[in-house]
Every structure is written in structure tokens, then in C-alpha cells.
Amino acid sequence: MKSRAQRDDSGEYPALVARDVICGGEILAFRNPHGEKFGEHDAWCLSEEWFSIDDIRPAYANLVEKESRLAAKQPFAWNPEFGYLSPFLDHCGTGLLVRADLHLEGLHLIGDMPPVLNALYSVRFGAEGVNMDGIKNASHVFDVFTSASLGATEDEIIAHAERVFASLVRQELNARIRLVRELPRTFEDSVARALAILRECRLLSPWELLDIISPIRLAAVMGFLDGLTRQEADAIMRKQLAARDDLPDSPDGDRMRDERDADIADKANHRFARVKWNRRAKEIFS
Amino acid sequence: MKCEICHKAEAETVLNRKKKDGTMEELYVCKKCAHAERPHTERPSGESPEAFVFGKDGDDPPPFVEDLLKATLGFMKGIAEQGKKSEKKKDVCPACGKKRKDFMDDLRPGCPQCWHVFADVIREHLALSQYGVRHTGRAPDSAPNVDICAQLERQLKAAVRKQDFKKAAAIKRRLEELGGRPANNPPAEDK
Chain A
1 MKSRAQRDDS
11 GEYPALVARD
21 VICGGEILAF
31 RNPHGEKFGE
41 HDAWCLSEEW
51 FSIDDIRPAY
61 ANLVEKESRL
71 AAKQPFAWNP
81 EFGYLSPFLD
91 HCGTGLLVRA
101 DLHLEGLHLI
111 GDMPPVLNAL
121 YSVRFGAEGV
131 NMDGIKNASH
141 VFDVFTSASL
151 GATEDEIIAH
161 AERVFASLVR
171 QELNARIRLV
181 RELPRTFEDS
191 VARALAILRE
201 CRLLSPWELL
211 DIISPIRLAA
221 VMGFLDGLTR
231 QEADAIMRKQ
241 LAARDDLPDS
251 PDGDRMRDER
261 DADIADKANH
271 RFARVKWNRR
281 AKEIFS
Chain B
1 MKCEICHKAE
11 AETVLNRKKK
21 DGTMEELYVC
31 KKCAHAERPH
41 TERPSGESPE
51 AFVFGKDGDD
61 PPPFVEDLLK
71 ATLGFMKGIA
81 EQGKKSEKKK
91 DVCPACGKKR
101 KDFMDDLRPG
111 CPQCWHVFAD
121 VIREHLALSQ
131 YGVRHTGRAP
141 DSAPNVDICA
151 QLERQLKAAV
161 RKQDFKKAAA
171 IKRRLEELGG
181 RPANNPPAED
191 K
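In order, the protein sequence lines correspond to chains A and B. Just so it is clear: in the first sequence, position 170 is 170 by this note's numbering, and no numbers are missing. Just so it is clear: in the second sequence, position 113 is 113 by this note's numbering, and no numbers are missing.
Bear in mind the hints are in silico, worked out from the structure with no lab data behind them. C-beta: ideal position from N, C-alpha, C; glycine also. One or more of the hints may lead you astray.
As the list claims (entries may be wrong) - Per the computed footprint, the stretches of chain A lying under chain B, defined by three or more beta-carbons under 8 Å from a beta-carbon of chain B, are:
# : stretch
1 : 120-127
2 : 197-205
Claimed, not checked - Derived pair list, reagent style BS3-like, types lysine-lysine, alpha-carbon separation capped at 27 Å:
# : chain 1 : residue 1 : chain 2 : residue 2
3 : B       : Lys101    : A       : Lys37
4 : B       : Lys32     : B       : Lys19
5 : B       : Lys99     : A       : Lys37
Unchecked claim - If the Cβ cut is set under 10 Å, some of the chain A residues that face chain B in the computed set are:
#  : residue
6  : Leu28
7  : Arg31
8  : Asn32
9  : Val64
10 : Asp90
11 : Leu96
12 : Ala148
13 : Ser149
14 : Ala152
15 : Asp155
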């Protein structure tokens, strides 16, 4: 993947590496016991994490090992026509699902997200954004996953996933380059607005923070910011993605929510007070 | 040759009649006398088959027609009831009791057996959303031999074609034991 990222790099901008697009993923296998009623969910959802596209096959090998250990104790519901059986029709066949979290801010900013999503659906992939608190596709981190598992072997499904994820990464990297070359003002505007809100806001919900930090992460990844690294931006995003809005629905809950949002706003004001465009960015955008 | 009963018209047919002492006699008779002797078996010339069977307007049908109709109706009723029974069997999963109507609403199989019972609906749904309609991936070690299942399915089809239902039922049981497809859900034709 690194070689592709280096080839895509125009030379005048900092290197755009694939791992900045793919934030990791999982390979899952859904299994259910033989001869027993199904529950609300699959009885077993075996999973292995992977961190780059090259890791998917080793992760699958680990998954098979895990599955064999379980199969020795409990036979799985299976039939020759539909493969592994599940309470969900889309989990039959191999029962395999490969998913990845992809940060597609570049494609969003150049306005290419709708055709990309349509293309994904047409190749039997699904994509879900983070929809919370009235914000649709917050932060433009998409969970992209295989939506078909019957009629193809495990190898074919994994190879298909590798091709689609690699293609998405390539498109996102091209979108970032295009953004800087052709739409610098759009990029500059989205980052500047986000920084202004983070510096001056008085109340900020976790989901709003997650959404606002997205163009800033992109600028950090591309090496255009001083005072914030990609790792720091990732840590903030991870924290907000993991946060759950579990405050009670009551007047007391509203007060607690305001307190929480005020606390997040204060921290953001302090953290982003000294984050600014660096010299390289100023040269490019001037 | 003249009719042996009326001795007037020409004899046209043979009539077997029981004599008073119990022995049978063979008479060569005309059509009119034959009809007089056996009104329901000898049809007077010119009478349509329908009129012969069902009688003329206002006439009662001959007694054998009533018996024949009863037998036919009984047979057809039996077939209809058998059809209803087999339909009922397909409408509910025998293992978990899930009804076809409920399955059509939520498309959620309640147990592995539901995949057999509602296979027709499942195939339609999967044809739209999946790469193919047949599993081509790995099989678990404990899975039945796919070749044996395929062979049994072929035998099952042949038995149904020959209407050897006893043999078909035995094959179906064997298939179900192996976890393969039961008889009422034949495999989709491979393209």
C-alpha cells in the first residue's frame, strides 16, 4: 500500500499514506448451533481485527483457527445449498463479513461521496456513516462492509474486499490531491471554520466535535497544521466515537448534558487555541 | 337372420340371458329387443351419449351414473384434502412453529429448519442480494457429504417422477437426517 501512496503523491505536498484513510477493520464470521432455535442475534460472531489491507488474510487465518476450536465443541447449523445458517438471510453462505472504517473527508469535500456510495452498493458492499444527535455521517468516517456472503468462496470474498478497499483508498487520496490543487479555497474554508468554532464555542456536544474535527484531521494528516499531529486528532476522534450519549431523558439529564457540553467546549477552546496553518500551507494556499 | 325374440326384424346383436333354470342362453336379437332386455347397456340408435348417460330432460339419471359420480367426487375431494394438508405442512415450520405469513413480514428464520420450509421465499430474496444462490465456500468438518446429498436428491427426483412415493419418503428422511434439502424443496436449477 505504501508504494501506491508514494505513486499518488504529487511530490509538492506531504506524503499521503493509506493508513490515514483506513482506520482499521475487522473480519467477522457468523455461526449458529446445529439443531437449535435461533436467537435475536447470531449465536457466535467470531471476529479478528486487521490494520492494513495486507493484514486481512492473516486475520482470516486466525479466524479459521478460532472457528475450528469452537466447531470441535459445537457443530454449526449448515446445509449444502445455503451454507452456514443464520437468523439473518444476509449472513448465510460463508457467513463472512469484512469491514473497514474509512475516513473519506476528501471525497466529501470535492462532492464525490454520492457516486462512490452508489458504486459500493452496486458491487454488493454497504456503507454506514455515524448518524447521531441529528448529525448525518458525522466526521465522514464510514463503516464499509461486504453485504453478500453466498455464492462466492471465502477467498473470493476477501479478494473482492481487498480490491474495493484499495480502490476506495486510491480514490480518497486522489480526492485529497484534487482538493489541494483544484479546490484549495473549499479546503481552507472548511478547516478555518472548524478551527474558529473549536476556539470560540461555549457548548459542544461529542458528536458535533466529532463532525468538526474531521477536516482538521485531514489537514493534520496532510501536514498543514502546527500544534496538532495526526495521532492527536485520531485520539480525539476515537474518544468521541467511543462516547455514548447515555444521559437520562429528564430535566436533570438536560442539565448534565449542558455541563458535559460546556466542559467539552472549554477543553476544545484551550486545546485548539494555538493550532494554526503552518508555513507550507500558507505557501500552497496563498 | 330374424330376431329370436320378436321374429320380425333382422338380428343385429348378441344378447346373453339367464334362463329360468339358471343356465345362460345366447340369443341373436334386433336392436329394439336388445334395448328392451338391457335398457342401460344397449343404447337405442340415434340417442346421444350424453342423453344416454344423463337421461333426457326431466328423466332421472340411471343408477350407475349416480354411483360413478359419487366415486368421482369422493376421489376429487380426497385429492383436494391431500393438497390442503401438504400446503399446511409447508406453511408452518415443524421445528419452531414459525408461520409463513410471519416469515414473509420479517424475513427472519426462527431455526435451521425454517431455511428448508421457506426455501422458496429465501431463494427469491437471496437471488437479488447475493453473489449467487448456492453456497460455494467451505463446509464444516461435521457437514454431511455434499456428494451423497446431491446423489440422494437425484434419486428423490427420479422416485417422484416414477410416482414411487414410498421410496421418495425414505430418501427424504435420509436427506433430512444428513441435514440436506427435504423433498418439498427441490434444488434450484443451476444456471
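Quick rundown of the hints versus the structure:
1. 120-127: violated (count 1)
2. 197-205: violated (count 0)
3. B:Lys101 x A:Lys37: Status holds; Cα separation ~19 Å.
4. B:Lys32 x B:Lys19: Since the Cα atoms of Lys32 (chain B) and Lys19 (chain B) sit roughly 20 Å apart, the hinted pair holds (cutoff 27 Å).
5. B:Lys99 x A:Lys37: With a Cα-Cα distance of about 14 Å, the restraint between Lys99 (chain B) and Lys37 (chain A) holds, given a limit of 27 Å.
6. Leu28: violated (15 Å)
7. Arg31: holds (9 Å)
8. Asn32: holds (7 Å)
9. Val64: This hint holds: Val64 (chain A) lies near chain B, its Cβ roughly 8 Å from the closest one there, short of 10 Å.
10. Asp90: holds (6 Å)
11. Leu96: This interface hint holds because 8 Å falls under the 10 Å limit.
12. Ala148: This interface hint holds because 5 Å falls under the 10 Å limit.
13. Ser149: At about 7 Å, which falls below the 10 Å cut-off, the nearest Cβ of chain B leaves the hint on Ser149 (chain A) intact, so it holds.
14. Ala152: holds (4 Å)
15. Asp155: holds (9 Å)
Against the hints set out earlier in the document, violations occur for numbers 1, 2, 6.
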